[in-house]
Amino acid sequence: MGRKTLVDLLLALFLTCSLLTMEVEGASPFSPTAPPAARGDAVCVPRRLWRWRESCPEYGPGTTAYRVAHIRLPNPLPPLPVAEVKPDPEEAIVPFTYAYVQQLPLAVYRHPMEAKLGLPPVRVLLSGKQWVSVVGVVEYEGERWVQINRDEFVPADALIFGRPSSFQGVYLTDQPAYPFAWVNRPVRPSRVPQGPPDPGAPPYQRYQLVTIYAKEFRPPEEMWYLIGPNRWVEQKNLSVVTVDPPPEGVKPGEKWIEVDLFEQTLAAYEGERMVYATLISSGRVGVTPTPPGLYRIWAKFPLAKMSNPDVQDGSPIWYYLEDVPWVMYFHGAYALHAAYWHDAFGFTRSYGCVNLPPRDARWLFEWADVGTPVWVHITPPFPQSGGP
Numbered sequence: 066m067g068r069k070t071l072v073d074l075l076l077a078l079f080l081t082c083s084l085l086t087m088e089v090e091g092a093s094p095f096s097p098t099a100p101p102a103a104r105g106d107a108v109c110v111p112r113r114l115w116r117w118r119e120s121c122p123e124y125g126p127g128t129t130a131y132r133v134a135h136i137r138l139p140n141p142l143p144p145l146p147v148a149e150v151k152p153d154p155e156e157a158i159v160p161f162t163y164a165y166v167q168q169l170p171l172a173v174y175r176h177p178m179e180a181k182l183g184l185p186p187v188r189v190l191l192s193g194k195q196w197v198s199v200v201g202v203v204e205y206e207g208e209r210w211v212q213i214n215r216d217e218f219v220p221a222d223a224l225i226f227g228r229p230s231s232f233q234g235v236y237l238t239d240q241p242a243y244p245f246a247w248v249n250r251p252v253r254p255s256r257v258p259q260g261p262p263d264p265g266a267p268p269y270q271r272y273q274l275v276t277i278y279a280k281e282f283r284p285p286e287e288m289w290y291l292i293g294p295n296r297w298v299e300q301k302n303l304s305v306v307t308v309d310p311p312p313e314g315v316k317p318g319e320k321w322i323e324v325d326l327f328e329q330t331l332a333a334y335e336g337e338r339m340v341y342a343t344l345i346s347s348g349r350v351g352v353t354p355t356p357p358g359l360y361r362i363w364a365k366f367p368l369a370k371m372s373n374p375d376v377q378d379g380s381p382i383w384y385y386l387e388d389v390p391w392v393m394y395f396h397g398a399y400a401l402h403a404a405y406w407h408d409a410f411g412f413t414r415s416y417g418c419v420n421l422p423p424r425d426a427r428w429l430f431e432w433a434d435v436g437t438p439v440w441v442h443i444t445p446p447f448p449q450s451g452g453p
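Going by the numbering used here, the final residue of the sequence shown carries number 453, and the count climbs one at a time with no gaps.
Hints may be right or wrong, so weigh each one.
In the DSS-like style, the derived pairs of lysine-lysine whose C-alpha atoms are separated by at most 25 Å in a straight line are [unchecked claim]:
| no. | residue 1 | residue 2 |
| --- | --- | --- |
| 1 | 320 | 365 |
| 2 | 301 | 280 |
| 3 | 316 | 370 |
Honestly, the hints are just simulated from the structure, not real lab data.
Let's have the full structure, built from the sequences with the hints guiding it.
Here it is, written out as structure tokens:
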């Protein structure tokens, strides 16, 4: 082979490699969507990757091999030991039909006839957020009226009938080997932590149950969870349940309830074994927070009326809830109870109590006793040091 031929061959190889490099991922090396390594980050050989993990990019075969070696996913993936409770479709979710008062102030009459005659109402609902339980619907002189209590009627167009959440948690048939979670908002997984959504992966829907096989913290303050092969989801999209030991103060073998304010989840235990788990809505952080601590249920009521103890009807922050089902007080006026007025479980929402999906509230009410410990805590999954 002549010298000119060798030079031509080397030049052709150089040009080919340059073109291949520019075609990787279909993006310019300086594109903001290009992988970190293509933007000038160090390309890590295996030895460097294992010794200085934090200095290496999140993309590339070396990083993938590192994750695979550390995670060691079992094959096949073990199923979560849960038995989804299947309620009777003919059974009502809550003991009453409930309605939201959309027109305030609202006069309440002893009978529709008294309203027609101009007689004074028995009471007036003034302000705030008010829900009433419905006894029945009647028609008087061509107008529909709703009976909300004995000898109490209001015009039907003043109310919006509610639809309680049909969501229900799961019964654990065995101690789960991995944490699990409910998806709290629709999300498409990524192939790597902090990566773009994978267009080839199906999206996960709200209230979908998933198993967490691994987690990885990424700065500045992101936790990513592996919920399937090459399927990573950021923590904010999940409400996670993790098996925890009984806190100090719970007797061996005793029933107890764990309320995780960070994850917005609840788990019921018999001794060290988790037997039930679901989503909650606790108090709003910085506004009406639920106080952490170890408490015990001190009273149970199948139905209770609830209102804001600090103000009266007429205040814009007043609320009034009739016939709240399956109420268990654990710390003063703080209670575990059903919430028939929303379907936002997995997010903070309440005035301080622990809101439960109605079917879960009923299950817990029948399972727990007066004196059952309730451990309320807030434990973020992020490292305290703020580093990987």
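Each hint, compared with the structure:
no. : hint         : result
1   : 320 with 365 : 16 Å, holds
2   : 301 with 280 : 13 Å, holds
3   : 316 with 370 : 33 Å, violated
Of the numbered hints given earlier, the model fails hint 3 alone.
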